[in-house]
Amino acid sequence: MQEFPPHIFKLVTSYINNSISNREFDELTKWINHSPENRQLFKDYLYLYKKSRSLKFAESLDTDKAWSKTIEKLQTPNALKIEQETKHKITKSGFKFLQILKYASILVVFITTGFYVYNNNFSSQPDTVKELNQITLQLENGDIQVLTDVKDEHLLNSKGEIVGEQKGNKLTYSKIKNQQELIYNTLTIPYGKHFEISLSDGTKVYLNAGSSLKYPVNFINGSERKVFLTGEAYFDVEKDAKHPFIVNSGEMNVRVLGTEFNLSSYPEDKNIKTVLVEGAVSVYNAEDAYTSSSSTKLSPGFKASFNKGSKTVSVKKADLDMETAWVKGRIIFRKTLFSDIIKKLERQYNVSIENNNLEIGNQRFAASFDNETIEEVLESFNTNFNIDYTIKENKIIIH
Amino acid sequence: MILTDKNIVSRLKKGDFAAYKVMFEKYYKPLCVYAFKYTDSYALSEDIVQDFFVKFWDDKLYLKLNKKIGPYLYTSVKNNALQVLKKQRKFHFHDIENEVDKLITVENFEVNSLVSEYDKLHKEVEALPLKCREVFKAIVLDNQKYKDVALKMGVTVNTVKTQHSRALKQLRNSLG
Numbered sequence: 001m002q003e004f005p006p007h008i009f010k011l012v013t014s015y016i017n018n019s020i021s022n023r024e025f026d027e028l029t030k031w032i033n034h035s036p037e038n039r040q041l042f043k044d045y046l047y048l049y050k051k052s053r054s055l056k057f058a059e060s061l062d063t064d065k066a067w068s069k070t071i072e073k074l075q076t077p078n079a080l081k082i083e084q085e086t087k088h089k090i091t092k093s094g095f096k097f098l099q100i101l102k103y104a105s106i107l108v109v110f111i112t113t114g115f116y117v118y119n120n121n122f123s124s125q126p127d128t129v130k131e132l133n134q135i136t137l138q139l140e141n142g143d144i145q146v147l148t149d150v151k152d153e154h155l156l157n158s159k160g161e162i163v164g165e166q167k168g169n170k171l172t173y174s175k176i177k178n179q180q181e182l183i184y185n186t187l188t189i190p191y192g193k194h195f196e197i198s199l200s201d202g203t204k205v206y207l208n209a210g211s212s213l214k215y216p217v218n219f220i221n222g223s224e225r226k227v228f229l230t231g232e233a234y235f236d237v238e239k240d241a242k243h244p245f246i247v248n249s250g251e252m253n254v255r256v257l258g259t260e261f262n263l264s265s266y267p268e269d270k271n272i273k274t275v276l277v278e279g280a281v282s283v284y285n286a287e288d289a290y291t292s293s294s295s296t297k298l299s300p301g302f303k304a305s306f307n308k309g310s311k312t313v314s315v316k317k318a319d320l321d322m323e324t325a326w327v328k329g330r331i332i333f334r335k336t337l338f339s340d341i342i343k344k345l346e347r348q349y350n351v352s353i354e355n356n357n358l359e360i361g362n363q364r365f366a367a368s369f370d371n372e373t374i375e376e377v378l379e380s381f382n383t384n385f386n387i388d389y390t391i392k393e394n395k396i397i398i399h
Numbered sequence: 001m002i003l004t005d006k007n008i009v010s011r012l013k014k015g016d017f018a019a020y021k022v023m024f025e026k027y028y029k030p031l032c033v034y035a036f037k038y039t040d041s042y043a044l045s046e047d048i049v050q051d052f053f054v055k056f057w058d059d060k061l062y063l064k065l066n067k068k069i070g071p072y073l074y075t076s077v078k079n080n081a082l083q084v085l086k087k088q089r090k091f092h093f094h095d096i097e098n099e100v101d102k103l104i105t106v107e108n109f110e111v112n113s114l115v116s117e118y119d120k121l122h123k124e125v126e127a128l129p130l131k132c133r134e135v136f137k138a139i140v141l142d143n144q145k146y147k148d149v150a151l152k153m154g155v156t157v158n159t160v161k162t163q164h165s166r167a168l169k170q171l172r173n174s175l176g
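Protein chains in written order, with UniProt numbering: chain H, 1 to 399; chain W, 1 to 176.
Calculated from the structure, these hints are not laboratory results. A few of these clues could be false.
Here are the simulated lysine to any residue pairs, SDA-like style, with alpha carbons at most 20 angstroms apart [stated by the list, open to error]:
#, chain 1, residue 1, chain 2, residue 2
1, H, K51, W, K102
2, W, K169, W, L103
3, H, K395, W, S10
4, H, K51, W, K137
5, H, K175, H, I246
6, H, K69, W, D51
7, W, K60, H, E72
Chain H extracted, bound-state conformation (with noise of 0.2 angstroms):
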């Protein structure tokens, strides 16, 4: 086999190293054009070059760590860059999570995103994930105890007081007297799962499936009573007029002095919708702070519509029965978009359905559910609107 002459080797390296000049460029094109073996030469040379290094750089690829690295460049806040961190955190210390306390809302998005995972039949998802479709409450140092519906006990902080106790699905905390600084706790349901919570001032908490709320254990005299929601939850909020009650779901605020309403806001909703069921609220932009002007004022009957893109309110009658029916356990569907309703079934009853039939997705659909299974709900819609399904271990499919 034929060689390279030594300083046309010299420039073949240059050219490979991308060092070379313009003069030993215009030397090595005319060696190469000069002769059909010197171009096979190098042409020879140069497949082997990069394929030997291609292959060398295919092997010290690493595609999890490209993908850690990949999820953590992403503008759009997702789902799985919280669950592996959870898990991180869950499974290795307590110290890191204190870290990411102070961040609730993102821990929020995690851990919903987790059982969304997990309803994938996400095969690379360890059982942490499974765990984590409990009940579970966060205390002000990052430790995370998962409550059991049977539980029937004393809620105690990380120094070991009692501040209030858990009887079945039901958790209230009691009023501490002098309490100077805001200690949150963070509650968070999974999908298929209600609680309810009574906080320090009586204010009453129903949480939907799905759903997060931090707040403080105790409400400080003179400043306002503000919770952090993401999710739905139903509130009675406890009248105390000098101490509006504000509650923040991301982009959106609803300030209340005493009342009942019903506020979703889950993340892959365009809209973040306040019902508002006796008294008064007044919804803004998180952004802005509150004042008369800023805000939109709602009467009971009626529904504020929070667009979390434009930012802009737009506001309808209500149907009461329709938007609050979870609280009693009752799913009801009047209007609604098969898509949403999809949604909704996907929260109450944690599974995870595949919606193949897209024509069905934008037609709208009234139904209502008391104690059904899934099955039977879904049955149902095969009996009343001919729509076909199958079940396949933990996952639904229309077809």
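Given the coordinates of chain H, assemble chain W onto it according to the supplied hints.
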């Protein structure tokens, strides 16, 4: 989770993040190797592919997807890699490089076959005489300069070059 490309696309269109991850796991390596043909840089290739995946999700590029996913991914990564190449490379033998790139086909390759090819190369390299082997690893695989290799091995630059071309000759015959 194993999904066909068709399933990946239909799930992506619903904004299914799990499908996005499946796609990433399936295509990340091949796309990197593909980009590498143009960049000859480990870091740059990974950056190009990762940046593409970020854009793909953030800008919801999947919504516009109406052809096969594989060709779409390779074309996108190629275009991005070529842009980088344009900026970085003043001198380039386009025709010869193209011919070579066609020989190194990574489209639709199985990761397994890649690994076995690498094993083959590894074996061939290990079969080289000691000096030859060291030179080849240093120059080709680790992209070191003749001068540095000569200095490290305590030999002259000419010796390195001789060993290098001997290694190439032998490998060329065995790897074809």
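Comparing the hints with the structure gives:
1. Only pairs whose Cα atoms come within 20 angstroms are accepted, and K51 (chain H) paired with K102 (chain W) is accepted, the gap being roughly 11 angstroms.
2. Proximity of K169 (chain W) to L103 (chain W) is assessed by CA-CA distance (about 18 angstroms); at most 20 angstroms being required, the pair is judged to hold.
3. Distance check on the hinted pair: K395 (chain H) and S10 (chain W) sit about 16 angstroms apart at the alpha-carbon level, within 20 angstroms; holds.
4. The hinted pair formed by K51 (chain H) and K137 (chain W) meets the criterion: a straight-line CA distance of about 13 angstroms does not exceed 20 angstroms.
5. For the proposed pair K175 (chain H) and I246 (chain H), the alpha carbon gap of about 19 angstroms is at most 20 angstroms, so the pair holds.
6. Proposed proximity of K69 (chain H) and D51 (chain W) is supported: the alpha carbons are some 10 angstroms apart, at most 20 angstroms.
7. Using a Cα cut-off of 20 angstroms, the hinted pair K60 (chain W) and E72 (chain H) holds, with the two alpha carbons roughly 17 angstroms apart.
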